[in-house]
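2 protein chains.
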Amino acid sequence: MAIRAPRSFQAALWLPCLLILLLFVTFTSASPPRSSKLGVLRGYNKESKSVYDSSLIESESNKDYQTFYYDQTLDHFNYQPVSYTTFRHKYVVNFKHWRGAKAAAPIFAYMGEESSLDDDIGSIGFMMEGARRFGALELYIEHRFYGESVPYGFTGEEALKNATVRGYFSSAQAIADYAEVIINLKKNLSAESSPVIVAGGSYGGMLAAWFRLKYPHVAIGALASSAPILYFDDIVPSNSYYATVTKDFQEVSLSCYNTIKSSWSEIDRVAAKPNGLSELSKKFNTCMPLKTASGLKDYLHTLFATAAQYDRPPSYPVTVVCKGIDGGANGTDILGRIFSGMVAYYKEDKKCFDLDAFFSADTLSGWDWQTCSEMVMPIGIGPNDTMFPASPFVYKKFKDSCMNTFGVEPRPHWVTTYYGGQHIKTILKRFGSNIIFSNGLRDPYSSAGVLENISDTILALSTKNGSHCLDILPARADDPEWLTAQRNEEFKIIKIWLGKYYRDLHMFA
Amino acid sequence: MAIRAPRSFQAALWLPCLLILLLFVTFTSASPPRSSKLGVLRGYNKESKSVYDSSLIESESNKDYQTFYYDQTLDHFNYQPVSYTTFRHKYVVNFKHWRGAKAAAPIFAYMGEESSLDDDIGSIGFMMEGARRFGALELYIEHRFYGESVPYGFTGEEALKNATVRGYFSSAQAIADYAEVIINLKKNLSAESSPVIVAGGSYGGMLAAWFRLKYPHVAIGALASSAPILYFDDIVPSNSYYATVTKDFQEVSLSCYNTIKSSWSEIDRVAAKPNGLSELSKKFNTCMPLKTASGLKDYLHTLFATAAQYDRPPSYPVTVVCKGIDGGANGTDILGRIFSGMVAYYKEDKKCFDLDAFFSADTLSGWDWQTCSEMVMPIGIGPNDTMFPASPFVYKKFKDSCMNTFGVEPRPHWVTTYYGGQHIKTILKRFGSNIIFSNGLRDPYSSAGVLENISDTILALSTKNGSHCLDILPARADDPEWLTAQRNEEFKIIKIWLGKYYRDLHMFA
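Taken in sequence, the protein lines are chains A and B.
Under our numbering, think of the first position of the first sequence as 172, with each following residue one higher.
Under our numbering, think of the first position of the second sequence as 172, with each following residue one higher.
Chain A extracted, bound-state conformation:
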């Protein structure tokens, strides 16, 4: 047990809800294992920091967050001697609001996602608000192979380089870890009767939903925010993500959409000219001279997708970008408009534009491994169905690239085999309970989310203008009414779950 090092609360606010899947999406079709660049998206968030300046959430005192380590089993599903190896698995607890074991007061457990746990502590509004409303304990559990929770004392990157060690890095092992940590903590606190609500966003949201389905005896309910659990195998069409990005831009401005749509060939046309790349570099004020047209196209592609995924109030990045694109003086050409959109996106003045901003260096990330082993989302772009150039998902190409990087094939059907997803309405209509799937429909990932109620207690809460994980971020004074309503509805539902749990507990005690 160790006290967490103090950190600025305001600094924490713009780090939160996993923002990572985006780049996975953007580049699966182009160069598969480049998928998620965690650091980069934090970079993105830094740009948007001001969005959270007026948070309503009062800062938790840093000393309220206590760090613990659990001796975690290396392999829960294998009984070779080496599987018994343990590693230091980090979790963080905030007892401040907890009404205690005697009251069987709830435990809110946050399912760590594909980054260090530190990124989330004090930044998940749902957790902090839940603790206040229900007198709940806040528990944050790190995902194995991220942050400090890496086996054998490796760093995450070292562990990823070892074909044997990274074999232990999977979602099933991770949620088994969560089960062990929760059961152990409840035992240590004599809080066996305390109901556990799990929550997470994006990949962590998938884990929360799956945890509730696989470990109903450990968690009585789950909030799965922006969890694209249906983006596996052939459940939703391959182009769902980019179709939503496109719709977001179309809805804001048809002319903006048309400008973007025609920009790709315009970039190619200019690039093909003698000194064309130099002309493009100048036009887009790049920090480094462009080496290929695709460097610029990748960058714009990601900027538009990012704007759509995090298209949130009050600023609404898609609106901002389109205002830039549409706002040029009459006669501004296509590329000039696109550049104005870029400038508008970054609210600060930039000396020049670093086109590698979204893409970190060539280091392996944990999410690269996860997408190349089991989290295979076949996201692609068909011809003429979005505002982007066609870029179909070609499994063979993806597989070859993964094989090349990691030496093993992806298992693209394993997620649906283990967790299901196909015919989810038929399956879960009469099975399971107590899951909220929350989505913002401007989030392109919502296209693979659960958007309709499945049963009386497996519920979809969508907001037309919401974005990726918006509901679990801290509330702000200027939040729109629909967002406040979505959050209130989540807590209202959870209150009902807790009420039923306590009635059952009383009945069977």
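It is possible that part of the hints are untrue.
A pair holds if it fits inside one copy or across any two, identical chains being indistinguishable in the list.
DSS-like cross-link-like pairs, simulated, lysine-lysine; straight-line CA separation at most 27 Å [said to hold, decoys possible]: (1) K666 - K596; (2) K432 - K444; (3) K418 - K468; (4) K518 - K453; (5) K332 - K468; (6) K234 - K273; (7) K600 - K663; (8) K600 - K671; (9) K358 - K570.
No lab work stands behind these hints: they were computed from the structure.
Chain A is already provided as a structure; the job is to place chain B on it using the hints.
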């Protein structure tokens, strides 16, 4: 694909519903890893063969059972290169009654247990009758590391000797195997819409219930016959099994119970005399001279427990044994009465009694491994609470013995961590659906079964006079009405599940 070698149907009838856990029980307290001796219990069944002579079930033609092999993944939860190794996983299909994929006709899938699949083919009345009633396909899937389904081309015993290889031998891997086989078979048959009902008995019954809970997207319902899913950790008292054995004897005859209860000290008294062991050998007509009193006591202990576990109509072995014990002429002494019980138990004349009959040679069995890794049932006997001498379950002793045999510790809490079990009524009251827990209350394992309805669709069907797995054995002309009623009720419930499934399928198609 291969046609199964013909085998006598009558011969198959006495092999069926897994009879194996019994000896696990009997000896956990004494010498842990001696637990289950599969061959032995078949030996027991051979003795009882006549019980099934008048089966109502018409023999399936052997050619109707077709054997297939699936390239099964060695480790579903690990992504090391070696985990991708595949092995030949055996399953057997009977298409005879199947109304086909176009009709979305059901698939009944039998969850193989701790023995070769051959032992069950053609012997599980529930499967054969289910196929006839519902036009269902019969699918039997072998459990990994049993029969032919052993990785690396090893025999089961060879694989068990290898600390690395046996690491892949676990229940979670086994039910993941089942999911892969079922999904793959449905795909090959274009039968994606066919609902799957899983079934199993004893350990296989636990697997059926767990499969429904973990893979609800693969199986729409489960029949778990005599599944002691609550005999883990501290859910039921340690002595539940032997308390039920004792109750069975008490209910049949108090004097029989008293005779047995006083026989243990009497055996010790005689054994302590000069030439006492020789006197006992003579008295019990043993084939080999007794070396210790415990050889005789272990044998009797197992005989009584076996009689209780399989205390089924029409003969009711406990009644038979007690008739022997009580039927001696006035003045017959305690040990003479016990011997008469033994003689009565075996309906045939025996030249002598082989006291090793229940215990096979010192070879490792798969079930030994399973009990020493995860299937840790802390079955023991307290002082004075049964008709047996005290023999508490001492975890440390158990663990040391397992460590000694297999080099790794048991994980006694893993079953409840992964599958749950504690507070099962509270947990499953509002979660999950479509499981039948069937039990015969004369079966000592029923003491760790689910004996009360949990919800509208998670149901307990118990029969006061039923025994271990009786309901899933083939029906007989002289079956008592309560047994026929239990079986009919099972099919009636399954018919309702199927009806709901087809309605949902129609609604969401």
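State whether the alpha carbon distance between K332 and K468 is at most 27 Å within one copy, between copies, both, or neither.
neither (31 Å within a copy, 58 Å between copies)
Have a look at K418 and K468 and pick one of within, between, both or neither, based on CA distance no larger than 27 Å.
within (19 Å within a copy, 79 Å between copies)
Give the relationship of K666 and K596 under a CA distance limit of 27 Å: within one copy only, between copies only, both, or neither.
both (24 Å within a copy, 21 Å between copies)
Is it within, between, both, or neither for K518 and K453, if the alpha carbons may be no more than 27 Å apart?
This pair counts as within: shortest intra-copy Cα distance 21 Å, inter-copy 100 Å.
Check K600 against K663 for me: Cα-Cα at most 27 Å, and say if that holds within a copy, between copies, both or neither.
Both ways: K600 and K663 sit 21 Å apart in one copy and 21 Å across, limit 27 Å.
If the cutoff is 27 Å on CA atoms, where do K600 and K671 land: within, between, both or neither? Let me know, please.
both (19 Å within a copy, 11 Å between copies)
Reference check for the pair K358 and K570, CA-CA at most 27 Å: within, between, both, or neither?
between (43 Å within a copy, 22 Å between copies)
How would you classify K432 and K444 at a CA-CA limit of 27 Å: within, between, both, or neither?
Within one copy only: 21 Å inside, 101 Å across.
Please work out whether the CA atoms of K234 and K273 approach to 27 Å or closer within one copy, between two copies, in both situations, or in neither?
within (24 Å within a copy, 63 Å between copies)
Hint compliance for this structure: hint 5 is the single one not met.
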